[in-house]
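**Student:** Chain by chain, the residues run as shown.
Number of protein chains: 4
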Amino acid sequence: MAGGASTAATTDADDTTAVTETAAAETVTASVIGASGFAGGELLRLLAGHPNFDLQQATSRQRAGKSIGSTHPPLRGTELRYTEPTELESVDVLFAATPHGVSMGHIDAFFDAADTVVDLSADFRLDTAAQYDEWYDGHDAPAYLDRAEYALPELNRENLPGADLIASGGCNATATILGLYPLFEHGILGGETGATDGDGAGEPGGDEQIVVDVKVGSSEGGAGGGAASSHAERSGVVRPYAPTGHRHEAEIEQFLGTSVAFTCHAVDMVRGASATSHVFPDAPVSKGDLWTAYRECYEDEPFVRLAAGGSGVYRYPEPKAVAGTNVAEVGFELDPSNGRVVVFSAIDNVMKGSAGQAVHAANIALGFAETAGLDFAGLHPVGSP
Amino acid sequence: MAGGASTAATTDADDTTAVTETAAAETVTASVIGASGFAGGELLRLLAGHPNFDLQQATSRQRAGKSIGSTHPPLRGTELRYTEPTELESVDVLFAATPHGVSMGHIDAFFDAADTVVDLSADFRLDTAAQYDEWYDGHDAPAYLDRAEYALPELNRENLPGADLIASGGCNATATILGLYPLFEHGILGGETGATDGDGAGEPGGDEQIVVDVKVGSSEGGAGGGAASSHAERSGVVRPYAPTGHRHEAEIEQFLGTSVAFTCHAVDMVRGASATSHVFPDAPVSKGDLWTAYRECYEDEPFVRLAAGGSGVYRYPEPKAVAGTNVAEVGFELDPSNGRVVVFSAIDNVMKGSAGQAVHAANIALGFAETAGLDFAGLHPVGSP
Amino acid sequence: MAGGASTAATTDADDTTAVTETAAAETVTASVIGASGFAGGELLRLLAGHPNFDLQQATSRQRAGKSIGSTHPPLRGTELRYTEPTELESVDVLFAATPHGVSMGHIDAFFDAADTVVDLSADFRLDTAAQYDEWYDGHDAPAYLDRAEYALPELNRENLPGADLIASGGCNATATILGLYPLFEHGILGGETGATDGDGAGEPGGDEQIVVDVKVGSSEGGAGGGAASSHAERSGVVRPYAPTGHRHEAEIEQFLGTSVAFTCHAVDMVRGASATSHVFPDAPVSKGDLWTAYRECYEDEPFVRLAAGGSGVYRYPEPKAVAGTNVAEVGFELDPSNGRVVVFSAIDNVMKGSAGQAVHAANIALGFAETAGLDFAGLHPVGSP
Amino acid sequence: MAGGASTAATTDADDTTAVTETAAAETVTASVIGASGFAGGELLRLLAGHPNFDLQQATSRQRAGKSIGSTHPPLRGTELRYTEPTELESVDVLFAATPHGVSMGHIDAFFDAADTVVDLSADFRLDTAAQYDEWYDGHDAPAYLDRAEYALPELNRENLPGADLIASGGCNATATILGLYPLFEHGILGGETGATDGDGAGEPGGDEQIVVDVKVGSSEGGAGGGAASSHAERSGVVRPYAPTGHRHEAEIEQFLGTSVAFTCHAVDMVRGASATSHVFPDAPVSKGDLWTAYRECYEDEPFVRLAAGGSGVYRYPEPKAVAGTNVAEVGFELDPSNGRVVVFSAIDNVMKGSAGQAVHAANIALGFAETAGLDFAGLHPVGSP
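For the record, the sequence lines run as chains A, B, C and D. Residue 193 in the numbering used here sits at position 193 of the first sequence, and the numbers go up by one each step. Residue 366 in the numbering used here sits at position 366 of the second sequence, and the numbers go up by one each step. Residue 269 in the numbering used here sits at position 269 of the third sequence, and the numbers go up by one each step. Residue 254 in the numbering used here sits at position 254 of the fourth sequence, and the numbers go up by one each step.
Honestly, the hints are just simulated from the structure, not real lab data. The beta carbon of each residue, even a glycine, is placed where N, CA and C say it ideally should be. Be a bit skeptical, because a hint or two may be false.
Stated by the list, open to error - On the chain B side, residues computed to face chain A include the following (Cβ under 10 Å): (1) Pro85; (2) Gly236; (3) Leu306; (4) Pro336; (5) Gly339; (6) Phe376.
Unchecked claim - What the simulated footprint calls covered on chain B by chain C, stretch by stretch (three residues with Cβ under 8 Å from a Cβ of chain C suffice, anywhere in the stretch; the number is not a length): (7) 128 to 139; (8) 271 to 283; (9) 316 to 324; (10) 340 to 349.
Working from the sequences, and respecting the hints, build out all of it.
**Tutor:** Below is the structure:
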């Protein structure tokens with residue numbers, strides 16, 4: 001790829017003003033499928049405050065007829081009520097926040113109702129039916145896999161304008177990829193990765209061992225409940241969760257072109273995913289090299305913030321620092337005695353790892369300002385993010 | 001009082017559009033004194049995102065020269081650095097977020113630098129030097145007490161336009177007063193209260209016993225630290241804190257014109273104050289009476305939301321539901337067998353109980369749209385708010 | 001009542017050594033019904049470490065055949081497996097930790113299997129079928145109500161020796177009653193209460209208004225789960241829960257002989273119940289009076305600890321300070337300006353509020369040392385208790 | 001190595017009964033230096049409930065004269081008060097729970113007062129002054145380094161009987177070593193390790209890359225406080241802490257004979273350390289191999305519990321499951337596609353990682369039953385451990 005992600009980012013950022021003015025006049029209609037879940041509620045909140053979207057319907061099989069505020073307390077006081085999925089009306093854009101496996105079974109109906117579908121599940125993130133056979137339970141609508149654009153806007157925004165089926169990147173994959181990408185992009189790991197060619201078909205990366213140790217909040221488990229996610233059992237945990245074989249490995253491998261040894265732990269927070277990647281470059285690397293790599297990739301990105309050392313309480317990326325925002329914090333530390341680079345990345349899994357990223361991608365696809373509707377800066381202090 | 005708070009609220013809300021258009025063109029300069037604390041950081045965030053304020057300086061004796069992001073991680077990436085309080089430059093509006101006792105000692109200097117001073121401490125909330133003798137350690141600048149307008153905008157916004165010294169209401173007092181006020185306003189408690197005549201000099205209310213049991217988060221203790229507020233000692237507590245004689249009793253009594261039996265507990269959250277008021281009206285009251293009282297007071301208020309029963313997980317006011325917002329949730333339940341009304345009110349103490357209320361009051365004082373800069377709706381789910 | 005609770009306590013404590021020596025030689029068999037829940041697991045743990053009980057069976061309909069460690073991780077490594085309730089074998093003592101309503105339906109079967117039944121539910125706590133009609137859904141086995149001894153050992157231990165049906169006091173009621181009892185016992189409230197006559201049929205107390213504001217942890221909701229108790233929804237809450245009409249009011253009223261205005265809040269802890277009682281004595285009372293009242297009642301009690309002021313982080317009763325123990329902390333503060341006494345009491349709801357109290361009562365009923373098996377002192381620091 | 005740790009363990013366990021009976025008659029006197037901290041308080045609790053120790057003094061420079069219950073609430077009600085360190089009297093055993101660097105400066109005085117010194121700091125854990133030069137700020141009493149026995153009883157208990165200077169293993173090192181040791185012992189990693197020869201001078205292990213990602217609670221930071229450990233800043237964190245160069249690397253390397261790439265994260269719990277070790281054996285390994293390795297090492301250990309899969313909520317080691325206990329949970333999972341073994345180990349850092357391990361080591365050194373005073377089984381449910 002000539003130019004690469006950082007160039008694309010810069011160009012796009014330069015154009016933001018122009019795009020904004022154009023976009024300001026335009027409004028499209030949008031509905032949310034599966035709106036009673038956590039990602040669905042976040043979409044409702046974001047779309048309600050978005051200058052370019054006119055929110056129409058929020059579907060929920062279980063809550064049809066009830067007010068959206070009955071499920072999402074910050075929306076108490078709004079008029080909108082859940083409708084049956086079967087009563088979906090035509091809109092310009094459909095956001096689907098259903099559990100994995102649902103969208104692939106209804107994708108034809110989604111396109112009957114809308115011109116653009118933004119899917120937050122894993123149903124269209126992988127390139128081939130074979131991958132779904134390996135990592136999931138197969139795929140019901142493989143014909144759509146080519147049509148879908150995987151969305152991790154910082155790294156492949158050039159593919160998104162005009163896309164009509166967007167597969168928003170997964171939370172743990174987003175945190176991991178954003179952390180590791182600059183190392184591949186700058187040849188510190190792997191050599192050339194095909195990550196930014198936009199269809200997710202990565203070129204083979206290097207064979208260095210990459211260990212990714214992820215810590216996630218309880219919102220990743222969804223709004224369902226169950227004994228393991230009850231407050232009494234889930235409070236204060238450091239609980240190995242999908243210790244090996246996590247499905248996001250497939251997404252990461254597809255994007256970075258190399259496999260990662262991935263392990264998840266549930267910890268005591270509600271929102272947030274923090275990925276710590278331990279990598280061992282073949283050649284020595286300096287802190288300056290790392291700063292260069294990360295700055296060149298991200299310095300013009302509106303939703304990536306570097307945090308690598310410094311003074312004060314918050315020195316590295318932390319989920320608390322990005323809670324409620326679409327920002328990913330990325331940072332690193334050097335471990336010369338072990339030939340290791342430790343990469344930290346932190347996101348709000350409901351925002352940057354789900355609804356925020358979906359809106360970000362839709363903004364690009366539809367020609368709106370990239371940051372439209374996504375400008376909340378976050379809170380300090382905040383408890384469990 | 002003719003009209004009362006609720007009428008004023010309605011009128012004001014009706015005028016919002018016009019005010020907004022006028023205000024949209026206007027920008028004033030503002031600085032924050034004591035900006036490295038929790039309330040100070042929130043002011044920085046709110047002013048940075050406010051359409052009518054142009055943030056100039058953030059003072060901090062301890063952090064002078066450091067970036068504001070070093071203390072407030074969501075502001076990482078902004079250019080502003082702390083300046084010494086002695087290097088304060090002239091601005092239109094000065095927000096003071098210093099500990100109690102500081103503003104009264106520097107109020108002359110504040111007015112040398114600014115036309116309007118919005119003080120977030122308790123230094124100008126009470127009416128008389130005698131009250132400061134009783135509840136605090138006296139007052140250094142009693143001449144300013146008459147000049148100061150206590151700000152709890154829902155209940156006395158008519159006093160605020162043009163005010164040049166604003167004493168923003170305290171967190172626990174705000175939660176308590178917003179909860180109890182409709183009962184006084186509608187004669188369910190006390191008879192006529194002088195609360196809304198604007199200078200805080202309440203007329204004597206009734207003599208019914210009022211018990212207020214408040215639960216607060218750790219941010220109320222400020223950014224300082226200390227053994228009692230360390231994570232190991234403070235996690236998971238239900239800790240009686242100021243079990244009797246809390247200073248906010250003075251503020252509540254001044255506003256409502258009646259004394260309350262007030263007790264605070266520290267609980268495990270960071271943001272949030274939840275006041276549960278147990279009252280025993282002299283005459284029987286129905287749920288319909290209560291709904292009427294609260295609706296008439298608050299239905300047009302942009303920052304008050306009623307929550308009293310209903311289905312779902314969130315039925316009554318909860319700090320979680322308002323975390324990060326300037327919204328107060330207010331609700332109630334009837335206990336016929338004990339002749340009791342239980343009133344619940346919940347706010348984010350850093351926002352509605354401090355920085356948000358200060359900006360709200362400044363918006364009114366300066367003729368801006370009331371909700372300008374305060375439109376964040378909150379998050380769901382969220383952990384410790 | 002001649003003698004009173006405190007005298008009984010003293011006498012009993014004096015006899016402890018003798019009782020222990022006698023008891024040390026004796027062992028009885030015991031089984032736990034409903035052992036997979038939180039209280040059931042705690043019983044398993046206590047009985048396994050108890051010198052006088054030989055644990056036989058742990059029944060669980062849902063987990064039959066599985067190891068008890070699969071549910072209660074501290075018991076991982078023990079051999080015992082759950083059995084079907086229908087396979088219950090004869091034992092000396094049966095502890096029933098089933099949900100309210102179950103024991104009353106199986107009480108005949110319980111007595112077929114055992115000589116002594118200790119029930120942890122509410123099924124035998126009230127005196128009359130009429131009370132169950134009022135507060136619950138009636139009673140299936142009213143003939144047993146007279147036979148049952150309510151157990152709050154500090155206050156009615158004299159009724160327990162030889163009792164064969166013990167109704168262990170409820171968690172919130174235990175915290176509340178232990179806090180308020182000395183005020184009634186010493187005439188600061190109410191005059192004579194019949195509380196200590198042992199069958200729970202209190203004499204009418206005074207008519208002073210008593211407000212009880214209780215904060216409880218998530219373990220009170222049981223091991224079940226559900227959306228409201230999911231970690232994402234339950235973390236960081238101050239959530240009004242049973243704001244009025246809580247069933248424990250019946251138990252408190254029966255014991256103290258006066259009604260209380262009772263409100264519960266869910267807060268972010270797992271174990272623990274903290275009751276703050278706001279009372280307004282008719283006559284002035286001094287701190288010395290209060291110390292006298294509480295010391296006389298509790299100074300010889302092995303499981304009550306007074307905490308009322310002093311220095312350091314922990315000045316009043318706190319659930320954290322008693323987590324995992326059978327200890328109730330009780331304390332108070334005086335509010336002269338409001339004529340109020342604030343009483344704080346804190347327990348571990350799974351221990352002193354359930355399984356620990358049941359074992360304590362059984363120890364007395366069977367002539368074992370009162371503290372046998374209940375000597376764990378608690379931890380410091382500890383997070384959410 | 002002849003015999004090895006597992007054999008030693010088995011032998012010792014077989015002898016437990018005999019030892020216990022002998023020991024039951026014996027009591028020695030003990031005092032605690034630095035008793036107001038978290039580890040010091042835990043020592044006070046353990047020694048107070050220990051059948052073979054007679055607790056004499058608890059020193060604290062800052063709290064001298066105050067009751068030990070003023071700092072450690074579960075000890076409220078005990079008579080003992082803190083004494084000045086200068087007023088230390090002679091005892092049989094001295095437990096030192098002072099910050100790192102203190103014991104090395106007072107070790108002569110400690111031996112003037114006691115025959116046996118058990119040090120909980122890092123001051124005598126490493127073998128050579130050169131290591132202290134590299135990892136710490138040098139050493140003040142290098143002559144004692146040879147005399148000190150490092151104590152991680154499961155792995156080197158044969159060195160402890162009769163030892164008079166015991167360096168209790170560090171929390172993170174203990175968790176990590178207990179998790180990895182069986183892999184070295186059984187040749188899955190490294191080949192022969194010299195770990196168990198008892199003086200900590202490990203033979204070189206293999207060169208496989210080992211990544212250790214540790215999550216710790218706030219009690220690891222001690223009782224001090226400070227902004228970073230305040231509740232508001234520390235709640236809900238996943239905070240990189242000592243991302244590289246952690247001093248426990250030295251201890252782990254010395255014991256296992258190989259370096260590890262070690263990174264710590266602060267997470268929201270108070271007690272607990274959870275180490276996840278990612279290793280890549282040179283040769284393929286099966287789950288059966290792993291079970292064999294871990295069972296042979298630990299099946300007779302009273303304080304190690306294996307947890308590796310199974311059903312239910314708790315499938316792998318978790319700090320919650322061992323909170324308050326001296327138990328280490330150890331488990332593993334196989335990741336065939338990445339050629340990886342993931343090892344999980346979880347301890348209570350204040351117990352198994354500090355005070356509990358010190359008492360365990362002292363029990364062995366003095367010929368008491370290994371488990372004396374350490375039989376608390378833990379709690380379920382429990383919040384933040």
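**Student:** Taking the numbered hints from earlier one at a time, note which ones the structure violates and give those numbers from smallest to largest.
**Tutor:** 1, 4, 5, 7
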